[in-house]
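Trainee: Line order of the protein sequences matches chains A and B.
Quick note: the first sequence uses my numbering, first residue 1, plus one each step.
Quick note: the second sequence uses my numbering, first residue 1, plus one each step.
Note that these hints are calculated values from the structure, not bench results.
Since the structure is predicted, the reported quantities are computational estimates derived from the model, not experimental observations.
Keep in mind that the hints are not guaranteed to be accurate.
[Unchecked claim] Coverage of chain A stretches by chain B, computed from C-beta distances (three or more under 8 angstroms per stretch; other residues unrestricted):
id, segment
1, 15–23
2, 51–58
[Unchecked claim] The calculated BS3-like cross-link candidates involving lysine-lysine, where the alpha carbons are at most 30 angstroms apart (straight line), are:
id, chain 1, residue 1, chain 2, residue 2
3, A, Lys24, B, Lys84
4, A, Lys74, A, Lys24
5, B, Lys84, A, Lys74
From the three backbone atoms N, C-alpha and C, an ideal C-beta is built for every residue, glycine too.
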Amino acid sequence: MLEFLLLLVCASILVSGVLAVCLKDVLPAMVASGLASLFAAVSFLLLAAPDVAMAEAAIGSGLATFIFLYAIRKTGNGKG
Amino acid sequence: MAEFIIQIAAILIFLAILCGVIRLVIGRTLVDRIVAIDMLTVISISLIALYAHVSGRFVYIDVALVYGLLSFLAVLAIARFLEKGL
């Protein structure tokens, strides 16, 4: 039962990573990369590493989003 | 009986993650994708809580707690950015 959930989470990491590379606009690509980080944290937890999952959730989803938003705002909203 | 309910919950979480990822892939606007990632965060928190109950290790609840706080902050930052704030 949980093996299927782990497989689905890994497939979602793959889909959101491909989406983050292939999307033309900057902000949806940032959202997709945040989703890849989210599912990476869940898969770390399903593989019995809760401290790694907590660090991934704090850095990947919390801090990286702020840094990406700050960089997008500094470079002219991704237009140039 | 409890095993049956846990299996139904796992199937529902499976279908919900599938629907959220499909919404993220075909999402026309940015707001669709932001709502999809917010929904997937809530589904992930429920998945972590279910796994904490199944595996019997209640340390995993702390990860769900930290995750709920941080995902709220991330969605709030994106929403402020769309209003030309930040």
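Trainee: Next, verify each hint and record whether it holds.
Mentor: Against the structure, the hints come out as follows:
no., hint, in the structure
1, 15–23, "holds (count 3)"
2, 51–58, "holds (count 4)"
3, A:Lys24 - B:Lys84, "holds (21 angstroms)"
4, A:Lys74 - A:Lys24, "holds (19 angstroms)"
5, B:Lys84 - A:Lys74, "holds (12 angstroms)"
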